Amino acid sequence: MADVSKLAPGQKVLMQGNEAIARGALEAGVSLAAAYPGNPSSEILQTLADSARSAGIYVEWSTNEKVALESAAAASYAGLRGMASMKQNGVNVAQDFICNLTISGTKGGLVLVTCDDPSGVSSTNEQDARFIARVACLPLLEPATPAECLKLTKLAFELSEQIGNLVVLRGLARLSHTRAGVTPGPLPEAKPRPHWDPNERWFTIPVVPRHQVMLDKLAQAGELIAAAGVNYYDGPVRPELLVIASGSSRLYADEARRLVGAGGRVGILHMGATWPLDQELILEHLARADKILFAEEVDPHIESGVKSIYAQHVRELGLKDFYGQETGHKPPIGELSPSRVAAAMADILGLPWQETDPAYLAKAKAAQALVAPRQVGFCPGCPHRASYWSMKQVLSADGREGIVSGDIGCYTMGVLPTGYERVNAVHCMGSGPGIASGLGKLRSQGFEQPVISVVGDSTFFHAALPALVNARWNNSDYVLVVLDNSATAMTGFQPHPGTGSTAMGQAGTAVDVEQICAGLGLPYTVLDPYDLEATQEALYDALQIGGGLRVLIFRRTCALVQNKRGGHPWRMSVDPQLCRGEDCGCDRFCTRVFRCPGLVFDQATGKTVLDEVVCVGCGVCAQICPAGAIKARPKEATA
Amino acid sequence: MVPPAASPAPQPTGLERLLAEVINPGLCVACGACLGLCPHLIFLDGQVAAPDACGLTSGRCYGFCPVAQRDVSRESQGPIGPVLGAWQGRATSKDLQGRVQYGGVVSELLALALDQSMVREAVVTAAGLRGTPQGIRVTERTGVLGAAGSVYAGGGALSSLNQALSEDSNHPLAVVGLPCQVQAVQAMKAHPQQPQAARRIHLVIGLFCTMNLPWRGLRKLLARHGVQAPLSRADFPPPPAGIFQAWSNGSYHELPLDQVRALSYPGCAGCPDLTSDGADLSVGACEGKPGWNTILARTHAGAGLLELAAGKGLLELEPAQPASMEHLTQAASDKRKRATAWSEERRHG
Amino acid sequence: MKALKYDPLDIVVTGVGGQGNVLASQVLGLALLTAGYEVTVGETYGLSQRGGSVTSQVRVSSGPVLGPMMPDHRATAIVSLEPLEALRLLGVYGHPGVVVLTNDRPLRPLGVLAGEQLYPEPAELRATLESLCAKLYWLPATAAALELGNHILANVVLLGALCGLDLLPIGAAEVEAALGDMFPESKMALNREALAKGLALVRAA
Ligand SMILES: Cc1cc2nc3c(=O)[nH]c(=O)nc-3n(C[C@@H](O)[C@H](O)[C@H](O)COP(=O)(O)OP(=O)(O)OC[C@H]3O[C@@H](n4cnc5c(N)ncnc54)[C@H](O)[C@@H]3O)c2cc1C
Ligand code: SF4
Ligand code: SF4
Ligand code: SF4
Ligand code: SF4
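Residue numbers (the numbering used here), protein chains in the order written: chain A, 24 to 662; chain B, 3 to 351; chain C, 272 to 476.
These are computed hints drawn from the structure, not numbers from a lab. Remember, it's a predicted structure, so these values are computed and weren't measured experimentally. Please note that a few of the clues may not be correct.
[As the list claims (entries may be wrong)] Quick list of in silico lysine-lysine cross-link-like pairs, DSSO-like style, CA-CA up to 27 Å:
(1) B:K222 x A:K415
(2) A:K177 x A:K35
(3) A:K587 x C:K458
[What the hints assert, rightly or not] Label-pair ranges, simulated between beta-carbon atoms:
(4) A:T628 x B:G315: 52 to 62 Å
(5) B:Q165 x A:G570: 28 to 38 Å
(6) B:R101 x A:D598: 36 to 46 Å
(7) A:V231 x C:S333: 56 to 66 Å
(8) B:Q165 x A:P592: 19 to 29 Å
(9) B:P14 x C:M453: 51 to 61 Å
(10) C:K406 x A:G351: 31 to 41 Å
(11) B:Q165 x A:G422: 48 to 58 Å
[Claimed, not checked] Which residues of chain B face chain A? A partial, calculated answer using Cβ under 7 Å:
(12) R62
(13) A231
(14) F238
(15) G315
(16) E318
Just so it is clear, CB atoms sit at the ideal spot from N, CA and C, and this is done for glycine as well.
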């Protein structure tokens with residue numbers, strides 16, 4: 024990422040939504056920013072980290088989202104501005120803290136950024152994290168463009184400081200990764216000196232009166248938001264159709280009304296702040312339209328809020344038609360798009376709507392039969408491929424129908440063919456060892472299948488530790504496999520506790536997985552997953568021993584990281600004389616079963632060939648070829 | 003034009019069928035005939051497994067498998083098969099004492115065949131990782147002696163034979179095997195996709211066998227009785243002993259026979275052959291004569307090797323006792339009957 | 272500021288993870304922003320590094336700010352670093368008037384490598400693409416990049432090709448300037464050559 028503190032104020036640049044949030048935080052004078060990596064939010068903290076030195080702020084990758092927010096809250100109590108950014112799942116991790124923090128309150132401006140991922144492009148779910156605003160009674164801002172990302176981030180800090188509570192800024196995957204023109208403003212000259220006045224105390228009791236204080240803050244936020252002008256109307260005075268929209272959906276609605284040729288008939292109420300809902304503004308516009316359409320992603324957050332306002336005022340407003348999730352005009356799942364909103368508008372207004380010539384559509388659809396799907400898979404040379412290969416072989420040989428409890432990271436792809444579909448369950452960070460712990464205690468109930476829990480090195484620190492302590496304490500019977508690739512590879516190679524380096528590139532103290540295992544009294548063995556035979560032997564033995572929790576650490580650097588660090592040692596080739604191809608004795612074992620994309624089956628010759636552009640030279644496939652046809656020679660020797 | 007008669011789709015003869023008929027129902031006896039051919043079948047800790055599907059509908063694994071190809075009705079040559087000469091004997095060398103199973107005839111004959119360059123390599127069974135019996139390839143007398151003795155558990159040794167045959171060389175091979183393995187070797191020699199087998203396998207020494215044990219189960223039973231693998235030797239002493247004997251790290255242990263018997267491969271129940279009737283030579287225990295073997299010479303090659311060994315004074319040979327041959331024939335006949343009954347029962351439910 | 276021939280001008284840039292289409296769309300966006308247009312570049316990344324399809328959308332207008340996603344079946348042009356991806360996206364953004372520029376070099380999906388799916392014959396793929404657009408430019412962009420010594424330059428070759436069409440309100444010089452903003456001068460010689468090769472390819476087509 025770029026150092027956004029160096030941008031010249033007033034000069035328009037092409038900026039990503041996430042970068043604009045980072046810049047907004049700098050302009051607001053943030054002093055401490057913390058996050059746990061998670062797409063689509065990762066670039067926010069990375070940008071701040073890359074700007075930290077010149078901006079003179081502290082930026083950290085924290086072990087998890089709850090710790091990130093707690094760190095940011097500390098800045099607030101010391102009178103500074105703090106920010107924690109995360110993906111939607113992270114809000115759940117931080118939720119317990121949030122629901123108490125909102126009662127105790129804050130001092131310096133404190134902002135939580137959640138980047139939601141409608142359609143779950145890079146997530147295990149498409150949860151709408153706006154729920155947290157309702158649950159915890161927090162103001163919620165929703166930008167629609169990178170320029171608004173910057174503007175609303177600054178507003179969020181102001182608002183937080185004015186009401187003394189956390190403020191939530193909600194991004195969306197598309198917005199996070201959208202680039203558009205942004206004009207930065209000035210950076211603050213000076214920041215306050217941190218100090219926690221010992222007379223100031225932050226806690227939640229007595230609960231009931233403080234609960235009231237929290238509600239008062241929310242009401243105050245409503246007034247401030249109304250004054251800030253972030254919600255506005257754009258359209259005819261008395262529109263035939265009123266669209267109430269937030270986030271990217273505001274732009275989709277604007278485009279949709281042009282697409283269906285209803286520009287003069289449709290008005291849009293742009294909601295830059297969606298909690299608390301600006302009741303006065305909403306009532307004013309409800310009074311002027313009889314048909315109302317909601318455009319928002321993913322849950323009917325505005326829709327239900329507006330309907331409950333309407334229910335209180337139905338006598339004065341009279342009958343209205345609402346269109347949204349309830350009527351099928353807004354899908355309850357997945358992303359919105361300009362086309363989807365256009366189709367809804369056309370339907371409501373009785374206008375014709377066709378995407379393109381139906382004959383063309385039919386032809387284009389038919390042609391899709393030629394298009395093979397592009398499955399995602401482990402990179403060429405990925406250590407996880409080797410690890411799952413060994414698990415597959417060993418669990419099959421073990422023959423007791425072993426179960427693999429998965430977790431979050433590149434190795435989640437263990438559920439896909441690239442990981443031999445070896446993973447039986449994946450949920451959230453750290454839930455793998457927890458589920459394994461329970462399975463390992465079902466021995467008393469007659470459960471005999473062996474259990475493996477796979478966990479990445481970053482996940483290990485994020486949320487696996489309590490489950491491991493639990494398993495150790497209760498003597499649960501399973502094998503923990505730590506897939507240690509020395510990176511948070513999935514989200515862009517951020518450092519984590521095990522790597523010892525920090526967000527700002529300074530040396531931290533490496534937290535050692537082995538020492539943690541030793542401290543928990545867990546037996547562990549470190550293995551190189553590229554060495555299939557040794558890995559399989561150790562894994563088999565670990566499964567046979569039984570008894571309690573035992574740990575295998577499969578340690579091998581992520582192939583992409585290794586590529587940047589001088590690459591892999593081998594130059595590979597396939598000897599066509601030895602390759603058995605589709606004959607009995609192989610039947611394309613490497614391309615059909617092992618499936619590293621570096622190997623390609625050549626239909627014409629009936630032999631495997633090596634794709635030199637794709638292969639990185641990890642050498643693993645040479646160990647699985649039954650004919651010794653895949654050769655590995657040291658690169659130096661052949662260079 | 004006359005339309006061609008609809009021919010029935012050929013039955014698949016690949017891994018899928020092997021899994022369906024043999025491995026999944028638990029009838030595999032770990033002979034190893036399907037191993038070492040390809041990467042789809044693996045052998046770990048005494049058990050055959052197939053982690054992935056093989057896409058072929060016809061292949062050698064099924065064609066070689068003696069459980070799949072079992073022919074219980076083959077009785078034309080009598081219960082103990084063709085016999086050119088029946089002997090009882092033992093090896094004379096002091097080197098072999100204490101290491102061999104009984105008389106050491108098997109080891110001595112193999113070593114001689116290697117010494118004489120009748121064969122250049124032999125496949126035998128020896129303890130490997132975790133004490134699991136497994137096939138090894140030896141080229142010298144010392145290698146043969148290293149594999150002497152037995153722990154009575156399936157070792158998939160034919161895997162090594164398949165590997166040797168897949169290599170680009172031409173030297174003659176010998177193999178020692180149980181009756182199921184000897185049957186598989188015959189199937190290999192006859193299989194159109196493996197022409198080198200008939201050319202290269204010059205000597206097959208068969209063992210007598212009534213049942214075999216899965217190593218994984220045996221290892222666990224031993225552990226329950228406080229015996230740590232690996233074993234150096236094991237034995238079923240003749241009735242009425244009622245025990246299984248095991249030697250581990252120089253210490254001696256006895257396990258109750260019924261517990262050990264209960265472990266035996268279910269697939270052994272369908273095996274009709276007691277004396278490896280397709281071998282060049284078959285060797286077993288000698289009734290009433292501890293430390294001696296019964297030897298059946300079945301082919302001229304087998305008889306010739308035996309003669310050479312005796313002539314060199316390496317073996318002490320006596321004609322087999324008629325009474326013990328009668329008992330052997332009876333036992334072999336009983337085994338055939340049991341196998342036939344078992345197969346009938348499986349076929350009819 | 273030149274008037275836009277198409278307003279909005281909607282260009283889909285697609286390919287497979289690792290081919291550099293995100294960079295290409297950024298360069299294009301920057302060049303157009305600098306020229307004074309309202310630009311929105313929408314990028315999709317999920318598991319993009321790991322062999323999946325990656326698409327970005329460069330949306331240009333002289334008026335209102337556009338959202339990060341274009342309406343279905345309305346793209347002005349599809350620029351694809353991989354021919355099968357061009358066909359995939361015609362199913363979403365195609366219409367009879369769309370212009371398609373594609374690299375001719377296939378990158379086989381994992382399922383094809385594994386023998387579970389088929390990749391169409393190049394002639395069939397090309398004919399199908401042709402039947403679904405107003406004009407197809409089937410260009411040896413990877414081959415041209417390899418002539419320069421690095422297959423990764425195929426994205427810049429295609430940018431050059433795009434500049435040779437009458438779609439953009441800017442020319443190769445503006446795109447080159449935007450590249451210059453992203454790359455050190457030491458890498459610019461190759462990038463210039465790649466742009467020129469792309470231009471030459473469409474001129475010859
Ligand atoms: C599982 C099993 C069951 C047997 N059952 C009987 C029986 O019921 N009645 C009877 O008379 N004899 C039986 N035998 C044969 C046994 O008596 C002796 O192996 C045989 O007499 C040879 O004795 P030896 O002293 O010549 O052996 P050695 O010279 O010690 O040679 C033994 C040979 O046996 C081979 N061997 C060891 N274990 C195995 C195995 N698991 N699979 C294949 N080969 C192996 C070794 O490779 C070695 O070459 C059985 C053997 C085995 C392995
Ligand atoms: S990024 Fe690294 S860990 Fe992730 S799939 Fe690629 S090689 Fe494997
Ligand atoms: S595994 Fe080996 S023999 Fe089989 S197809 Fe691949 S290269 Fe050829
Ligand atoms: S050496 Fe083999 S497994 Fe490793 S990247 Fe190359 S083709 Fe893939
Ligand atoms: S390759 Fe041949 S031996 Fe191997 S599983 Fe397939 S059919 Fe059987």
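Handout entry: Structure versus earlier hints - violations, ascending order
Key = Result: hints 11, 13, 14, 15 and 16 break, sorted rising.
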